[in-house]
Amino acid sequence: MIIKNGTVYDPLNGIDGEKKDLFIKDGKIVEEADGKEIDASGLIVLPGGVEIHTHIAGSKVNLGRLFRPEDHRKDPVSRTGVTRGGVGYTVPTTFVTGYRYAKLGYTTLMEAAAPPLGARHTHEELNDIPIVDKGCYTLMGNNYFVLRYIKEKDFEKLKNFVAWLLKATRGYVIKIVNPGGVENWKWGRNVNSIDDRVDNYEITPREILTGLAKVNEELKLPHPIHVHCNNLAVPGNFETTAESINAVKERIHITHIQFNSYAGDSWAKLASGAAELAKRINQRENVTCDMGQVIFDDATTMTADGPMQYGLYKKTGNKWYNSDVEMEEGAGVVPHVYKAKSPVNAVQWTIGLEMALLVKDPWKLCMTTDHPNGGPFYHYPEVISWLMSKRARDQMLQSVHRVASSRTGLGGIDREYSLSEIAIITRAAAAKLLGLKQKGHLGVGADADVAIYEFRRDDIKRSFSKAKYVIKDGKIVVKDGEIVESPQGRTYWVNAGGEVTEEMREAFSKYYTVALENYPVQDEYLPRGEMISCG
Amino acid sequence: MNYMKVILISGRTTKQGISLEMGKTSEEYSNNVAVIMMNENDMKKIGAKEDEHVEVRTKFGSAVVRCKESRIDRGIAFMPYGPWANMMISADTQGTGMPNYKGVEAKISATDKDVLTIANVIERIKEIK
Amino acid sequence: MIYKNIVCTLCGCLCDDIEVVTEGERVADVKNACEFSRSKFLNHAKDRAKHLIKKNGKLVEVPIEEALGEAAEILKKADFPLIYGLSSTETDAQRMAVELAELIGASIDNTTSVCHGPTIQAVQDCGAAKCTLGEVRNRADLVIFWGCNPAEAHIRHATRYSITPRGLYTESGRKGREIVHVDVRETKTSKMADIFVKVKPGRDYELLSAFRAAVKGYDVGDVAGVPSETITQLVEKMKSCKFGVIFFGLGLTMTGAKHMNVNAALRLVRDLNDHTKFTINPMRGHGNVSGSNDVMTWCTGYPFAVNFSKGYPVYNPGEFSAVDILARRECDAALIIASDPVAHFPAQASEHLVRIPTIVIDPKINLTSLIAKIVIPSAIAGIECDGTAYRMDGIPLRLKKVIDSEFLPDREILKKIIERVKA
Chain S
756 MIIKNGTVYD PLNGIDGEKK DLFIKDGKIV EEADGKEIDA SGLIVLPGGV EIHTHIAGSK
816 VNLGRLFRPE DHRKDPVSRT GVTRGGVGYT VPTTFVTGYR YAKLGYTTLM EAAAPPLGAR
876 HTHEELNDIP IVDKGCYTLM GNNYFVLRYI KEKDFEKLKN FVAWLLKATR GYVIKIVNPG
936 GVENWKWGRN VNSIDDRVDN YEITPREILT GLAKVNEELK LPHPIHVHCN NLAVPGNFET
996 TAESINAVKE RIHITHIQFN SYAGDSWAKL ASGAAELAKR INQRENVTCD MGQVIFDDAT
1056 TMTADGPMQY GLYKKTGNKW YNSDVEMEEG AGVVPHVYKA KSPVNAVQWT IGLEMALLVK
1116 DPWKLCMTTD HPNGGPFYHY PEVISWLMSK RARDQMLQSV HRVASSRTGL GGIDREYSLS
1176 EIAIITRAAA AKLLGLKQKG HLGVGADADV AIYEFRRDDI KRSFSKAKYV IKDGKIVVKD
1236 GEIVESPQGR TYWVNAGGEV TEEMREAFSK YYTVALENYP VQDEYLPRGE MISCG
Chain G
3 MNYMKVILIS GRTTKQGISL EMGKTSEEYS NNVAVIMMNE NDMKKIGAKE DEHVEVRTKF
63 GSAVVRCKES RIDRGIAFMP YGPWANMMIS ADTQGTGMPN YKGVEAKISA TDKDVLTIAN
123 VIERIKEIK
Chain X
28 MIYKNIVCTL CGCLCDDIEV VTEGERVADV KNACEFSRSK FLNHAKDRAK HLIKKNGKLV
88 EVPIEEALGE AAEILKKADF PLIYGLSSTE TDAQRMAVEL AELIGASIDN TTSVCHGPTI
148 QAVQDCGAAK CTLGEVRNRA DLVIFWGCNP AEAHIRHATR YSITPRGLYT ESGRKGREIV
208 HVDVRETKTS KMADIFVKVK PGRDYELLSA FRAAVKGYDV GDVAGVPSET ITQLVEKMKS
268 CKFGVIFFGL GLTMTGAKHM NVNAALRLVR DLNDHTKFTI NPMRGHGNVS GSNDVMTWCT
328 GYPFAVNFSK GYPVYNPGEF SAVDILARRE CDAALIIASD PVAHFPAQAS EHLVRIPTIV
388 IDPKINLTSL IAKIVIPSAI AGIECDGTAY RMDGIPLRLK KVIDSEFLPD REILKKIIER
448 VKA
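So the protein sequences, as listed, match chains S, G and X. In terms of the working numbering, the first sequence opens at residue 756 and continues consecutively. In terms of the working numbering, the second sequence opens at residue 3 and continues consecutively. In terms of the working numbering, the third sequence opens at residue 28 and continues consecutively.
Here chain S stands alone, though its shape is the one from the complex:
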């Protein structure tokens, strides 16, 4: 296949809006090829999008689907000759998830939180997400073995266990959510700072962060520790985030940082702490983040942060699902809605954008809404328009609650993202941060995952809403915004070694309710598994 005459944006290879032909053969970008020609004149050509953090598959996502029929009824999706039916809106079904991300031009998605005991469920759902390549992040920050080995100060055992757990769950990343807080939630409590006490282990969240960060480096895992900080959505929490950043000298990725960038001592006085955090990120080379942008729309909050979700239910009175997983993690789901006229929501909206605009190096930032916590990913094109056009975001700023203008510096920021920078924060940076060498770029050897858009500067949102073409592994899957083919993608996972020890075996048989032999995810759950070796 040849993509002719397109304007190519390939920041990983230094290509910034160059008219260039692309050659595809056997699913890869190559030097020369013949075959079908796609006329990309007047169109922009980007690598397929890489989503670094989204909640699309697994038990808590399905709990969200289960208890929100009212959300689904708004957005039924009919089957076609090529596609399955389902529902959309804030918690889309698996097929619809794959189709809609593909239509936006995304070709690789990372499920942000997989509880190890439920990893089979995560993979079953990932297998039903068509077209895109996938991976999942293994929750570890409240795991019995992790907490125990940190308490016992046994780094080698910690390292071995973490490696083994990644392999057993076919996960990609060490995911940490409210470290120590979710363990405390198992007794109805939480932690309120990174130096607070984790009951029964007498350790602190700080020790969990530093211990796992060190393990991450020694195992040479592709991605940093991926951290949902303590005190999420608590006014004044930017300090907790700053402390978490300060505590770790190895690489650290702060996820949905907007929710952890709050200044002010109460909701009434909520203000932006983005400037302070952006400063730190700008000064350091080891810190990256993703936005967690809020959208004025319905949302469904779902995280592994059990106590935080309980708190949200108490504040809003919305229905609340809680699901504690033995020995490992927790989860909570609460429907939510963000309103432009709500002073709190308006301030939250500005903070995500402020963060993206104040972090100078786009390679340190990825665009997300923490779908569906901040809002459905369908709104990505709108987020892009706010980043690329000061006019668009100022217009929005005028229409939201006026308090937002005085509590953040957003109004005073002139910066506008270029197309190249957008390509970085929606594809290239994520691919690089994840160590996916064949993704996020269009150089020779890359997977032929390509997104082609008709770009109009006066309608940025529309430009990115429906790709003109999306190519996955050299096959056209989207044409004029419609799915034309629905192949199954790969699942990436990391093998960093790790072995079962007698100690682990003993603890399993005493405290778990499943046999150790039945715990790891079997090969059958990865029909197109791609192992990445490390360590």
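Heads up, some of the hints might be wrong.
Straight-line C-alpha distance at most 30 Å; calculated DSBU-like pairs for lysine-lysine [claimed, not checked]: (1) G:Lys-51 x X:Lys-218; (2) G:Lys-51 x X:Lys-215; (3) S:Lys-1265 x X:Lys-31.
Partial pick of chain X residues on the chain G-facing surface, computed with a CB cut under 10 Å [what the hints assert, rightly or not]: (4) Gly-312; (5) Gly-338; (6) Ala-370; (7) Asp-413.
Short, incomplete list of chain G residues facing chain X, as computed with Cβ under 8 Å [stated by the list, open to error]: (8) Tyr-5; (9) Ile-48; (10) Arg-76.
Don't read these hints as lab results, they were simulated from the structure. On a predicted model such as this, the values are computed, not experimentally measured, just so you know. Just so you know, even glycine gets a beta-carbon here, dropped at the ideal spot from N, CA and C.
Starting from the known structure of chain S, arrange chains G and X on it as the hints suggest.
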């Protein structure tokens, strides 16, 4: 004729569950499931002894089963889940999808009639207009 | 051959420590299994179904191709077909069933609608504070069984999860736990409990509401046959325990206020979370009914009672639940898979299955197959074919194949029917 008014509940029993796996057309299944558990005083009132036949009638149907004594309050009777109990339960779910498996009013009286076999039950089902 | 750590799929406990000893193509012995499980494994070869089609009023044996072809024809031609069952088979078969339903515009329902459907309806209203069974094992010091009878329906629940195990923070096992049983009659479960509370039949909603009021500090009188003092004392225990759990069953879903009973229970536990750690978990019956909910939810958005007539999924218990469709005589063909509605539905609903062409896919001869138009035998999931099943608390486990079988797995049969419908 002496009859007893009860609230009829149906549910699982170990014997019902085990004999499920032995086949629903088996004698074991019939022995374990075509039964009704009653309070001993209620049994005395209608003149039925352990393992004797009783006819159970509700607004929706009737069945002849064996009666068994049980530690249950007067005025309540329990039958294992299955086709005998289901002869007598309404299919009206009041819009919930769930029939009233537990809590239908029934009348029980002693009888000479034979306990319904599974074949009988199937015939009865086929005859419903 | 000896197989260890095999998963039993009979009830929602999904015990995964079963040891199965096979001799040739039969199961010779089973260890660690409860009576139900033993019966299931040892009797796997009994009462197996054959490929049958009803011709001139009699079921006659036919080649598999003929059965599959005829089944596909019936389903293709039907205007308002019903697919029902799913709970005793594995998740790949459940996915195929959803795919078929979507293809032919069917209603698709699973046994949830006559089991914990009301629970799901309540959860959709207010959510639920639940946990996995290991949390109960490791932390619970107060366990309440409400409207359920695990001693006769979930036989190893007490020893594996809820009453006797010694766990991480429950080293004194049974001694460290207080067990309460609330029900309309004493059962074997009451014997396992420290306290038995008898509630008047059909009055759980009032009793649960009284509990809620007491938690909030109100004085309550005698309610639903339970003395005021009992309510007050029990509520005190619930507020002051370290980790409490309510396990509830069909005593709440099938009686009186049905989903509103469960609603009250869910809200009671939610309120208790203001005072201490408390969770609530449904006692799911069939081995993989949880799986059928999860699969239907991730594929369609809805857990049961779904209809595809419009080409997209629509959810409405009471409208698209199987008992209702059958009772109102709305469907003109039915595919019953991995369940036995003639045994378990009210007779006035089952009788419609006699009137319409009914296709049964099941390993065994069951009552529904006696009245069917077409019978297709399948392999038993967890013994003769592999797959995935979900435990009552949502944890998925891999089923293994320990016996070779001449019968196709459900998923293969459904795949073949789909191919023929598409042709």
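Each hint tested on the structure:
For the hint linking Lys-51 of chain G to Lys-218 of chain X, the alpha-carbon distance of about 26 Å falls within 30 Å, and the restraint holds. Restraint check for Lys-51 of chain G and Lys-215 of chain X: the C-alpha separation of about 23 Å stays at or below 30 Å, so the hint holds. Only pairs whose Cα atoms come within 30 Å are accepted, and Lys-1265 of chain S paired with Lys-31 of chain X is accepted, the gap being roughly 18 Å. Interface hint at Gly-312 of chain X: satisfied, since its Cβ lies 8 Å from the closest Cβ of chain G, which is below the 10 Å cut-off.
Hint status for Gly-338 of chain X relative to chain G: violated, with the closest Cβ pair at about 23 Å, above 10 Å. Of the supplied interface hints, the one on Ala-370 of chain X holds, with its beta-carbon coming within about 5 Å of a beta-carbon of chain G, less than 10 Å. Because the closest C-beta pair between Asp-413 of chain X and chain G is about 20 Å apart, greater than 10 Å, the hint is violated. At a threshold of 8 Å, the smallest CB-CB gap from Tyr-5 of chain G to chain X is about 19 Å, leaving the interface hint violated.
Using the Cβ-Cβ criterion of 8 Å, the hint placing Ile-48 of chain G at the interface with chain X is not satisfied: the shortest such distance is roughly 19 Å. The closest approach between the C-beta of Arg-76 of chain G and any C-beta of chain X is roughly 11 Å, which is over the 8 Å cut-off, so the hint fails.
When the structure is compared with the earlier hints, violations turn up for hints 5, 7, 8, 9 and 10 and for no others.
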